[in-house]
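Asks: Given the sequences, and given the hints that come with them, work out the whole structure.
One-letter residues, chain by chain:
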Amino acid sequence: MAQIEKVKFVWRIVELVVGGIFIYAGAIKALDPIRFASDIDNYKMLPWMIAAGLAFYLPWLEIFSGLALILRRFYLGGLSILTALVCVFTAATIAAKVRGLDITCGCFGHASQNWSFSGHLALDLTLLAALLALYFKVGSGNRLRIAV
Amino acid sequence: MRQAFILAALALLPGMGEAIYFHDKVSWQSPIPASEMVTLTQARAWDKNTIWVDARPDAEFEREHIPGAVLLNEDRWNELLPRFLTMWSPEKRVVVYCSSQSCNASREVARRLRDEAQLKNVFVLQGDWEEWLKSRK
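Chains A and B, in that order, are what the protein sequence lines are.
The first sequence begins at -10 in our numbering and counts up by one.
The second sequence begins at 29 in our numbering and counts up by one.
Just so you know, the hints here were simulated from the structure itself, not pulled from any lab data.
Worth double-checking, as some hints may not be accurate.
Calculated pairs, DSS-like style, for lysine-lysine (alpha carbon to alpha carbon, straight line, at most 27 Å) [as the list claims (entries may be wrong)]:
(1) A:Lys33 - A:Lys86
(2) B:Lys76 - B:Lys162
(3) A:Lys126 - A:Lys(-5)
(4) B:Lys162 - A:Lys33
(5) B:Lys53 - A:Lys33
(6) B:Lys148 - B:Lys53
Replies: Written as structure tokens, this is what we have:
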């Protein structure tokens, strides 16, 4: 029983950390959307108008999805959105590197300005692993309930 | 899936609110508002009142730059800014350029000069260094 409680506690910590990271990242970008628009534009993948629109929208999507993980409301929705976002960020970072663009990811505003490509990638992959692990937890929980 | 749609819709509300709040600070047509851009012809017409700022990396600046241009890039911002400020005076217009239209450094350096150094009359050169090269041909 104590073992199950320990495992639950660890999963809760993972949820809080991952949710917290996205809330922090979203809040920093929501405070300076113009800077974030410029960061999106650096990837040279989208027309400026769309980059500017996304700069106002994406930070709030991250905040709401992060909150969903922490508050466990719309949990699966938040998990799906964050997983999709991390996949897109990772693909965009790799594509920018392949195209030789010297980009600021803008993931954490000024804090991430001097991060290297490998730093970006390591963070993205760690977050992706944590999100997939949370999916696994939800899936295994459901299977257990069905079995019982 | 339904949950994801609800979250996506909820996020639209503050996003739209913020877009309305910032409507006068962002241009939807170009990353740089027209009032902050200058053409090469205009900048040349200002003549001695222009300070050219080269926002490219050191190596590119050393290879070639606009005559009289000052190096001020983000790599060595803290080191280069004081040197630039000794040349600046309120009546001067600052024109920043980087490698090409698609580069971002000129926009960033211009923004930092406005926001951090509190300078006015800071412009980005339309077409950047490529435009300068074209004009010499």
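Asks: Under the constraints set out in the numbered hints, which ones does this structure not fulfil?
Replies: No numbers; nothing is violated.
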